[in-house]
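With these hints in hand, go ahead and build the complete structure from the sequences.
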Amino acid sequence: MLSCNFLASAANLLVRLALQSSSIQCETRPCGLAGSSSVASLVEYESLVSFQDGLHSCQQCTYVTSEKRDMNRHLRKHTGERPFQCQFCPAGFDRNSNLEKHIRTHTGERPYSCDQCGASFTQKGNLTLHMRTHTGERPFSCPHCNTFFARKYRLVLHMRTHTGERPPFYCIPCNRPFKQKQHLIQHMSRCTANKGP
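In the numbering used here, the protein residues as written are 1 to 197.
Hints are computed from structural coordinates only; laboratory data are not their basis. Take the hints with a grain of salt, since some may be wrong.
[Said to hold, decoys possible] As a list, the in silico SDA-like pairs of lysine to any residue whose alpha-carbon atoms are at most 25 Å apart:
no.: 1; residue 1: K101; residue 2: C114
no.: 2; residue 1: K152; residue 2: H102
no.: 3; residue 1: K124; residue 2: C86
no.: 4; residue 1: K179; residue 2: H144
no.: 5; residue 1: K77; residue 2: C58
no.: 6; residue 1: K77; residue 2: R95
no.: 7; residue 1: K179; residue 2: C142
no.: 8; residue 1: K77; residue 2: Q87
no.: 9; residue 1: K152; residue 2: Q123
no.: 10; residue 1: K152; residue 2: P167
no.: 11; residue 1: K152; residue 2: C114
no.: 12; residue 1: K101; residue 2: D70
no.: 13; residue 1: K124; residue 2: T107
no.: 14; residue 1: K101; residue 2: R76
no.: 15; residue 1: K179; residue 2: G164
[Unchecked claim] Computed spacing ranges between beta-carbons, pair by pair:
no.: 16; residue 1: G80; residue 2: S50; range: 20 to 26 Å
no.: 17; residue 1: H162; residue 2: K68; range: 43 to 49 Å
no.: 18; residue 1: T163; residue 2: T133; range: 24 to 30 Å
no.: 19; residue 1: T147; residue 2: F88; range: 42 to 48 Å
no.: 20; residue 1: S141; residue 2: H187; range: 26 to 32 Å
no.: 21; residue 1: N126; residue 2: N72; range: 25 to 31 Å
no.: 22; residue 1: S50; residue 2: P173; range: 52 to 58 Å
Keep in mind the model is a prediction, meaning the values are calculated, not measured. The C-beta atom is built at its ideal place from N, Cα and C for all residues, glycine as well.
Right, here's the structure in full:
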C-alpha cells in the first residue's frame, strides 16, 4: 500500500481521495476519516445518486434536483432514516419541520390564530382551510358540473357521482353503502341489523 501524504483544506476532499484511491492508505490519519461514517455516507450517497451537469438524480426513482441538501432530504424516503427525534416520545421524523409540528401535540401550542373568530391551530394549513369558512373561498371545482368545494377531498368524493365508482365502505349486516369511513362508523353504532336478536 502507498502511504498518504495528502493534506486537504476540506474534509470532503480527503473523503473523495479515499474513495478514488483505494490503494492509498493514510498512515497518520489526522483527519480521522479512515473508516469513518463520513466515508460510508459518501459511498452510500454515490450509490444512490448520480451527479451530472449540475443535477443530482436519484437512482431509486425519477427525482432530480440541483441542490445536494434537497437530495439528501429526499433520500430519507428510500432509506427510512429519521434523524429528528421527539424528546417526549419515540417518534422520529425525516424533516425538522415535521418534528416541530409533532411536538405541538405534546405541548398544546397552537401558534396559528384566526383574526376573525380567534380559533387557533397547530398547523398553518389548517388555519388556511378554516379561513375558507369565513371567506367562502372554494378553489376546487368539478370539471363535469361546475360545482365548487373548499376542500380537495370533498371534490374527490363528489367525482364518484360522475364516474359511477361504487362507495368504498359497506355495513356488512345491512349492506348499506357509505362514501366515507367516518359515516360507516357512525352508522354501525346505531344499525339495527348489527344489534342481533
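Are N126 and N72 spaced within 25 to 31 Å by their CB atoms? About 29 Å separates the Cβ atoms of N126 and N72, which means 25 to 31 Å holds.
Quickly compare the C-alpha distance for K179 and H144 to 25 Å and report which way the hint goes. holds (19 Å)
Distance restraint hint 42 to 48 Å, applied to the beta-carbon atoms of T147 and F88: holds (43 Å)
Restraint check for K152 with C114, where alpha carbons must lie at most 25 Å apart: Holds - the C-alpha atoms of C114 and K152 are around 21 Å apart, at most 25 Å.
Given the hinted pair K124 and T107, is their alpha-carbon gap at most 25 Å? It holds: about 17 Å lies between the C-alpha atoms, which stays within 25 Å.
So if I understand the rule, the pair passes when the alpha-carbon distance is 25 Å or less; does K101 with C114 pass? Roughly 18 Å separates the two Cα atoms, so the pair holds.
Hey, K179 versus C142, does the alpha-carbon distance stay inside 25 Å? holds (17 Å)
Given the hinted pair K179 and G164, is their Cα-Cα distance within 25 Å? holds (12 Å)
Just to be careful, I want the Cα atoms of K77 and C58 compared with a cutoff of 25 Å; is the pair within it? Given pair K77, C58 holds - Cα atoms ~11 Å apart, limit 25 Å.
Satisfaction of the hinted span 43 to 49 Å by the C-beta atoms belonging to H162 and K68: holds (45 Å)
Agreement of K152 and Q123 with the hint, judged by alpha carbon distance not exceeding 25 Å: This hinted pair holds, its Cα atoms lying about 18 Å apart.
Would the pair K152 and P167 pass a check requiring their Cα atoms to be no farther apart than 25 Å? holds (17 Å)
Of the hints listed earlier, there is not a single one the structure fails to meet.
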